[in-house]
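*Asks:* Now for the letters of each chain:
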Amino acid sequence: MSGLADIGVKIESGGFVADDALTGMADAVLREILQHLSALRDHGQTHVIDLASLPLTTADRRQLREALGEGEVRITIEASGPTDIHETAYAGVWWVEYQNLLGATAIEQVEITRVPAMLPSHDDDIAGAVSRLADAMEGKNPAD
Amino acid sequence: MSSTDLEQEHPLDLESKRVSVKKPEQRFDTQGEMPGAQRVHTAMVNFVKDFGATSAAYMESCVHCGQCAEACHFYVQTGDPKYTPIWKLEPFKQAYKREAGPFSFLYKALGLKRKVTVEELQEWQELLYDSCTMCGRCTMICPMGIDIATLVGQARHAMFQAGLVPHELWAVAERAEREGSPLGATASVFEDRIEWMGDEHEVEMRVDEDEADVLITMSSIEIQKYPESMAAVAKVMNHLGLKWTFRTDGYEATNFGMLSGNTAWQKDMTKKIVEAAKKVGAHTVILPECGHAYGALRWQGANMMGEPLPFKVRHISEFLAEQVNNGRLKVKQVDSSVTFHDPCQVSRRGGATQAPRDVMKALGMELRETQDTGDYNWCCGGGGGVITIHRADRLRYKAFEIKMEQIEKAGGEMLLTSCSNCRQNFDDSQEHFHWDKTMHSLLELVADNLVEN
Amino acid sequence: MNDKKKLPETLGEELSRRGMSRRSFLKFCTAVASAMALPASMAPVMAEALARARRQSVIWLSFQECTGCVESITRSYAPSIESLIFDFISLDYQHTLQAAAGHQVEEAREIAMKENWGKYLVVVDGSIPLKDDGVYSTVAGETNLQTLKHVAEGAAAIITVGTCAAFGGLPKANPNPTGAAAVQDIITDKPIINVPGCPPIPEVMTGVIANFLTFGDLPPVDHLKRPLAFFGDSIHDRCYRRTFYDQGKFAKSFDDEGARNGWCLYELGCKGPTTYNACATVKWNQGLTFPIQSGHGCIGCSEPDFWDKGSFYAPLSTGQWGSAEGIAAAAVAGAAVGIGVAAMSRAKQKKTSEQG
Amino acid sequence: MDLLEFARGPAMQWSLIILVFGIAWRLFGIIFLKRKKDLAEPRQTGVLGGAVKTIFSRSVPARAFWSRVMYSNIVGYVFHIGLAIVVFAFLPHILWFESILGFQWPALPTSVITLVAVITLASMVALLVKRLTHPVLRRISNFDDYFSWLVTIVPLLTGMMAFTHTGFGMRYETVLAIHILSVEFLFIWLPFGKLGHSFLVFLSRGTTGALFARRGART
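Residue numbers (the numbering used here), protein chains in the order written: chain A, 1 to 144; chain B, 145 to 597; chain C, 598 to 953; chain D, 954 to 1172.
Simulated from the structure, these hints should not be mistaken for lab results.
Cβ coordinates follow ideal geometry from the N, Cα and C atoms, glycine included.
You may find that some hints are simply not true.
Said to hold, decoys possible - Computed footprint of chain C on chain D, listed as stretches where at least three residues anywhere in the stretch have a Cβ under 8 Å from a Cβ of chain C: (1) 973-982; (2) 1031-1037.
What the hints assert, rightly or not - DSSO-like mimics (lysine-lysine), calculated; alpha carbons at most 30 Å apart, straight line: (3) C:LYS846 - B:LYS252; (4) B:LYS259 - D:LYS989; (5) B:LYS226 - B:LYS542; (6) C:LYS787 - B:LYS259; (7) C:LYS948 - B:LYS415; (8) C:LYS746 - C:LYS787; (9) B:LYS259 - D:LYS1006; (10) B:LYS241 - C:LYS947; (11) C:LYS746 - B:LYS257; (12) B:LYS456 - D:LYS1083; (13) B:LYS422 - B:LYS411; (14) B:LYS241 - D:LYS1083; (15) B:LYS167 - B:LYS226; (16) D:LYS989 - B:LYS415.
With the rest of the complex left out, here is chain A (with noise of 0.2 Å):
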C-alpha cells in the first residue's frame, strides 16, 4: 500500500446492522409506563425508566418514542450540554434526553410525574439567586 488513501474504510452511518432489528421490548416497556401512569394517577407516585439500562436495540427506542408520540409541552435546558425534555402525547409521560458535552446522547429515560426532576429551581439555586440578583440591582459586579 502505498499510503492512507488507499485503505478501503467503510464509513457506516447510523448505527449499527446488527444493532437495528426489533426485539418486542418497546411493548414491555409501554406496559410498564401504562402501569406507573396509574400508579400517579390513583397515589400520586412517581417513577423514572432508564432506558439505558434495558437491553433496547436503536429500533426498539424508535418504535417506543414512536409510540409515546408529542405532546404538548417541550423544553430544552442548558446545563452541562443540552437536556431535551417532551411531554408525550400521554399526559405525565415525559421523554427525557441528556445530552454531552460532545453533543452525544448520554441517557434517555421516561419520566412518569407531573412535573419532571429537572425543571423545577431548588431552594439553594434560589438562595443563590436572590443574593445575586440584590448584588445586581445594587449595581455590584458579580466577578468580585
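Please build the complex by placing chains B, C and D on the supplied structure of chain A, with the hints as guidance.
*Replies:* Just chains B, C and D now, kept in the frame of chain A:
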C-alpha cells in the same frame, strides 16, 4: 472303554430324523474331576492361549450397541436378552479385561473385576453351545465388524479344556475321536454302505484306490441318514470321467473336535483326510454337503496341520459349479421352481454363495429366493452342534419358525440345500411341525439329472 | 491548594462557588446512577446527599506504576463535571500532582493522617515489590511496603486504581523480578475496592468515590473486589458487535472486509468474553469510543495476570497444546508401551502353551 | 493460575499427551499381539481391498437388517454427525484446531451449530433412554457405557452453556474452563474406554474385512 461301553454309555439314536446320542436319562454336562476354581482357571488360560491380535481387536472395539441381538435367530424368536450374541462371550470378555485389557493391572491390584465363577461358566454353557450355531449372522450386522462367531469358537475351546461341554456334544465328539466317526459310521459301516449303494443304484464305486486325483469325503450324517448322496457323488465323478476314490482311512469330513472345542481332536480328524489325500496323491479333496466340514478343512485345515495343504479343497457345490461353468458337467433341464437354503458355513462364512446358484441356473430352475438370502440367510438353527443337544430342541424349533415362514413366502416348488446337517434339521423340524415341505440335496438333484454320455 | 480563601465545607457550597446549577449536578448524578445501575429515581436522592457531603481527605500512594492511571483520570477531553469530585476531595498527598516536594510532603501526609485518622481514603496505583525486602521501590528512604502498611493503618477504606495495584499488573508479569504484589495481597484488614484496568475508566473512579461520599461506604463488589456496577458484565456481553458473534461473522484480519464491516474480533484474539469492565457501556473519552469500537480486540486489561495469559492475538478457544516434540514423544512412548505389553502377553502365551 | 489458565495450559498439554500416548499404546498393544499366519489357500488375494471395503461398508447396515435396526442407526448417525458438526464446524473449535494443525476451514453459522447441538443432545438422551429401557441393552451395558456417555455429553452441555452464556450462577470464564476441562477429560478417557472405538473401528472392521475377503465372502 471299548466300543460296547460306548454303546451302553451313549447309545446313538439312529431311528429319529436327526442323528445324535439317545436322550440321556441323566445329564452329565461337566467332564472330568476338577475343582470349580481349577475349571475356571483352565478355561481362562486356554482362552487367553488362543488370544491374538484379531480377538483382541474384537474384544476391545465392542460398543455394546446390542444390534447383534437383532441378527440372531435365538434372540429374535425368544426376545430373551441373554441370547444377545456378544453377551454369550461375557465371561471371556471379563477374563480379557482382567488379564489383558489396558486396566488389567488396576483390576488385579484393586480387585475391581471379580473372577468369573464356575457357576457362571456353567450358566454360559447353554449360551455358548445350545444357543449359538456360529452361523455368523451377527458378524454381518455388527457396526464394528466384530466376528462374534470366531470368538464363540474360541470360547468353546476353553470350555472344552475346562470340561464344560454339553453331554451329547461331548459324547459324539468323544465317539468320533475313538471310532473315527461321531455317529457310528465306522470304516466297516462306511464300506458296507458304499457297496449297498453301488448295487442299489448300479453305479461304479471306487474305494481305497492307491492313486487318485480326487479324494471324496463324506459326512457321517450322509452315511447314516442320506446314503444316496454317496451314489450321487459317484455318478457325478464317473460322469466327469475323473480318477477318484473313497478312502476308508480318510472319509469322515465332520469334525466334532472343532464343534465341541477340542483342538487336539480337531487336528486328529483333519489329519486322517490330509494323510489319505497325500497317500493317493490327490490334487483335490471334495467335501460333502456339510457346512462345518467345509470350514474345518477348507479354512482351518492347513492351520491345524501347521502347513499349507498339498491339494485343493472344494465343497461339492463349489465343485459342481466349476464343472457346469466350464461345460464338462452336462445336466438336463428341471422344470421346477426352487427355493434354496444357504448353509451358513459355505455361503456367508465360506464365500461360496454363488456356486449353488450357478448349478441351479444350469439346471434351468426358477430360483425363488427367501426374503433374507445368500450372505444374510437365516440359519436353520441346527448348526454348530446344536442339533445334537436334546435340551436345546425347544429353542431350535423356535428358531426354525423363521425359516418356515420365509420359505412359505418365497414359494419355490422344490426346497434345496447343500448341507446334510441343515437337511436333517429340516427333516426333524418338518416332523415336529407337521410341515409339508421336504428339504432335498442339490448334489442328488444334479446326479439324477445328468445327461447320459 | 488555596489556603487564603476559606475552602467550601460541603460539595453544595463548592457547586455554588463555581456557579454550577443544581440541574447540572442532577444531570451528573443521573449519569453516575445510570452507570452504577442504581434505580433512576435514586439520582435526586444522590444529588441531595452529595450536596451535603463534607470534604473527604484522600491520600494517594503511587508505587511501581507508569502514571498512566493518573493520566487517564486527569487528562479528560474537556473539563467535566467528573473533575468536580477531584477538585472537591482534599487530595492531601499525591506525588505527581502536588506542588510541594521533599520532606514537606511527607510531613503533610503525616498531618493529614493524624487529623483524619480512621476516616481518610487511601488510593493506590502501582504494585508493591516484596523481593529483597522491597528495595526495588522506595520513596524518601521508605519502601513501598512500609509506606503502604503505615498509611493503611488509619484508612477508612482503600481504593486501588489500575491493574498493578489491584492484581500486580505488568510488574508482576512473568518472571516478576521484583516480587511485585497487589495491595490486597498485603492489606487484609481494611475494606478494599479494586478499580482495575490499564488504565481504568475515569468514570468508574468517580463513581466509586461518589458512592463513598453518598452512602459512606464502598459499593457492592465481585469476587475480585471490583465494583459490580461496572464489572458485573463482560465486555462481550455488552459489546455492540456481539450480534456478529452470535451470527458467526468474524473479521479474519485487521484489514479485511469483515474488519471494515465491524464484525466480531474473536478470531483476532479479543478477550471480551472473559473480561469484565464497563468499556462497552461507559466507553472512553466522554463516551466517544472504546478499543473494540476502534477496531482492536479487548486485551483483557482489567483481569488478573492478563500479561501472562497468552498472546493478545490468540483466540480465546486456543490454548497451549504443548510442543509437537512432546506429542511425538508421547506417541513413541505409547507405541513402546504397547509393543512391550504385547510382547509380555506373547511370552505368557508361549509359557502357558508349553505347560499345557 | 486460575481455572481457565489451568485448562488452557497444563491441562491441555497433558491431556493431549495422554490421548496420543493412549491411542498409540492401545493400537500397538493390539497389533503386536500374536498373529497366526493363515495357511489356508485363499480364494482371492485382494485382502487389503476387502479390509478397506468393510471399513466403509459397515457404516451402513445391510438391507436385510434395516427393519430391525433402523431406529438405533438413525439416532446413532444423528448423534455422530451432530457431534462432528459441533466439533469441527464451530468457529472457536476450528481456531483451536488451527492452533495445532496450522490451517483452518470454513465454519458454519452459529445458529446452525446451536440447532445441531440441541439435536445432538436430544439424540444422546434418546440413546440413553434406549440403553436404560431396552432389555438387551440393559443386559449388556456396563459402567463404561454409562460413563462414556457422561464423558461425551458433559462437553456438549458445558459447550452450549458457554456459548449461550448460561452459567447457572457460574461466571463465563468458569463455564468455559469447565468446558475445556471436560473435553480434556474426554481426551484422557478416550483411548481406554469404549470411546476407543473411534480408532479401533478401523482395526476390527479391517480385520474381519481381510478375513472375509480371503475367503471370498461378503466384505
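*Asks:* Each hint: holds or not?
*Replies:* Against the structure, the hints come out as follows:
no. : hint                 : result
1   : 973-982              : holds (count 10)
2   : 1031-1037            : violated (count 0)
3   : C:LYS846 - B:LYS252  : 54 Å, violated
4   : B:LYS259 - D:LYS989  : 28 Å, holds
5   : B:LYS226 - B:LYS542  : 16 Å, holds
6   : C:LYS787 - B:LYS259  : 63 Å, violated
7   : C:LYS948 - B:LYS415  : 26 Å, holds
8   : C:LYS746 - C:LYS787  : 11 Å, holds
9   : B:LYS259 - D:LYS1006 : 39 Å, violated
10  : B:LYS241 - C:LYS947  : 20 Å, holds
11  : C:LYS746 - B:LYS257  : 61 Å, violated
12  : B:LYS456 - D:LYS1083 : 49 Å, violated
13  : B:LYS422 - B:LYS411  : 16 Å, holds
14  : B:LYS241 - D:LYS1083 : 26 Å, holds
15  : B:LYS167 - B:LYS226  : 25 Å, holds
16  : D:LYS989 - B:LYS415  : 20 Å, holds
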